[in-house]
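Following the hints, complete the assembly by docking chain B onto the known chain A.
Protein chains: 2
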Amino acid sequence: MRRVKIVVSYDGTNFFGYQVQPNARTVQGELQRALGKIHKSSSWPITASGRTDTGVHSLGQTIHFDTPLNIPEDRWKRAINAVVPDDIVVVEGSYVREDFHARYHTVGKEYIYRVNTGKEKNVFTRNYSYHLREELCRDAMLEGANHLLGTHNFTSFSSPRTAVVDKVRTIYNLSITNEGAEWTFRYVGSGFLYQMVRILTGTLLEIGKGNMDPLEIPHIIKGEDRALAGPTIPGCGLYLSKVVYSEGDLANLLK
Amino acid sequence: MRRVKIVVSYDGTNFFGYQVQPNARTVQGELQRALGKIHKSSSWPITASGRTDTGVHSLGQTIHFDTPLNIPEDRWKRAINAVVPDDIVVVEGSYVREDFHARYHTVGKEYIYRVNTGKEKNVFTRNYSYHLREELCRDAMLEGANHLLGTHNFTSFSSPRTAVVDKVRTIYNLSITNEGAEWTFRYVGSGFLYQMVRILTGTLLEIGKGNMDPLEIPHIIKGEDRALAGPTIPGCGLYLSKVVYSEGDLANLLK
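These protein sequence lines map, in sequence, to chains A and B. Going by UniProt numbering, 44 is the number at position 44 of the first sequence; the sequence numbering is gapless. Going by UniProt numbering, 198 is the number at position 198 of the second sequence; the sequence numbering is gapless.
Watch out, some of these pointers could steer you wrong.
Because identical chains share one entry, a pair is satisfied inside a single copy or across any pair of copies.
Claimed, not checked - Here are the simulated DSS-like cross-link-like pairs (lysine-lysine), alpha carbons at most 30 Å apart as the crow flies:
| id | residue 1 | residue 2 |
| --- | --- | --- |
| 1 | K77 | K255 |
| 2 | K5 | K40 |
| 3 | K121 | K255 |
| 4 | K119 | K222 |
| 5 | K119 | K255 |
| 6 | K255 | K167 |
| 7 | K40 | K255 |
| 8 | K222 | K77 |
| 9 | K209 | K167 |
| 10 | K37 | K121 |
| 11 | K121 | K167 |
| 12 | K77 | K119 |
| 13 | K167 | K40 |
| 14 | K37 | K119 |
Since the hints were made in silico from the structure, they are not lab data.
Same shape as in the complex, but just chain A:
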């Protein structure tokens, strides 16, 4: 058996999230079925860097699986793409050391959250960004973002519906840019808790709208209480962008 690592992009719109579940269309379910076809089995087990929720997209979800097949390294991508549905695409495939683990060996992740503040609803971006008919103050959001950088206990910024006990994470970088009404929030961190990026962005948007002061952020962190932070905004604006497995690749992300 050899271990294969693949990087997968998907349009989350028509999936009930990443993780396999009975009677629901999931990314993991579709990928395991596709790899099953290649391995002449009904399903083939895979391990991802982590889950994504319903409607959440991926540019760089990273997955490993073991195979007895002798497919040349440069053919894995094409082989899987020939059998996956059209809202999933493998963008990279390679053999890795047999102790590589897509989940346990992550060193960092990048997430992107897209917000559209256009006055008009745009039918073409409705599943790909969060539409908010509000003016945003970028300076206030940047000041709020500054207080989020570094290592903190992010209990206030994560859903309590999780078995994870250690809520300490590090945010290395948080950029907020816009081209007109199209806003992009980009997070690079050691890892992210359940719904953390959606709650962080939801809180920064409250600051941007003027409903919250950037100086509240340190108090929200200290309070370790989900009720203190802003709302969990929709999954459609969220993209798992990159997963890195070495300090060098993390440093490249932060350049």
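Frame of chain A, contents of chain B only:
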């Protein structure tokens, strides 16, 4: 009764085209149901500038209907947007003369066809542009386009499945631009026959790929035979962009 004109954008992905039909989700069906709600009826009749096929999008479909309601002009847009599904949006609404007709009074239309020649499949644009893994020669396509300009019998460039007898149309402008792998074909004409933009673009792509010579275009036109032209390419790349009702608005389109 007063006549209302609305301009409607829709994401055609989840519709079986514009025209109402039993047991299928259509743009006209959804709009008639929405207007029915406003008029306390199960449905309310509307007339569009023309049909669009399954998967075809709109930025500027234009529609008229008559109403006994006294809704202020600037509220129609919001009133309809409150009751349509999220893949339809009204972008303009106004009262017009009672003899205005959305179909018979058109002076011109603009269509856009998008093609993506990226090497990788892009899951986020799969429903919004036609993916073609080929290099295209822009100069050859522009030469072909030049032969299409003006007034011709477009029998060769339309589906024979139509009741329309007069196949003479005028193409005022045909531009072909690209930003990297993203190509945009923009057509302004007096009107377009069934599947005409998809067949015109399909033929220009054959020229761009080097499978056909630009000089064949005049012969294809003269032949008046659908079999001579290129393939009918998918509806997902096609956008009904603008419908104009006066020579002045047409001139603005051609600026």
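Going through the hints against the structure:
Proximity of K77 and K255 under a CA criterion of 30 Å is satisfied intra-copy only: 28 Å inside one chain copy versus 46 Å between copies. In this assembly of identical chains, K5 and K40 lie within 30 Å of each other by CA distance solely inside one copy; the values are 20 Å within and 57 Å between copies. Proximity of K121 and K255 under a CA criterion of 30 Å is satisfied inter-copy only: 28 Å between copies versus 35 Å inside one chain copy. Taking the shortest Cα distances, K119 and K222 never come within 30 Å of each other, neither inside one copy (36 Å) nor across copies (48 Å).
Taking the shortest alpha-carbon separations for K119 and K255, only the inter-copy value of 27 Å comes in at or below 30 Å, while the best intra-copy value is 34 Å. In this homomeric assembly, K255 and K167 come within 30 Å of each other (Cα to Cα) only inside a single copy, at 26 Å, whereas the closest approach across copies is 59 Å. Taking identical chains as interchangeable, the C-alpha atoms of K40 and K255 are never at most 30 Å apart, the minima being 43 Å within one chain and 59 Å between chains. Within a single copy, K222 and K77 get their C-alpha atoms no closer than 45 Å, and across copies no closer than 46 Å, so neither meets the 30 Å cut-off.
For the identical chains of this complex, K209 and K167 are intra-copy neighbours only, at 28 Å inside a copy versus 55 Å across copies, given an alpha-carbon limit of 30 Å. Within a single copy, K37 and K121 get their C-alpha atoms only as close as 41 Å, which misses the 30 Å cut-off; across copies the closest is 21 Å, which meets it. In this homomeric assembly, K121 and K167 never come within 30 Å of each other (Cα to Cα): the closest approach is 37 Å inside a single copy and 37 Å across copies. For a Cα distance limit of 30 Å, the shortest separation of K77 from K119 across copies, 13 Å, qualifies, whereas the shortest one inside one copy, 41 Å, does not.
Proximity of K167 to K40 under the C-alpha cut-off of 30 Å is found in neither arrangement, the shortest distances being 41 Å within a copy and 53 Å between copies. Taking the closest pair of Cα atoms, K37 and K119 come within 30 Å of each other only across two copies (25 Å); inside a single copy the shortest separation is 47 Å, beyond that limit.
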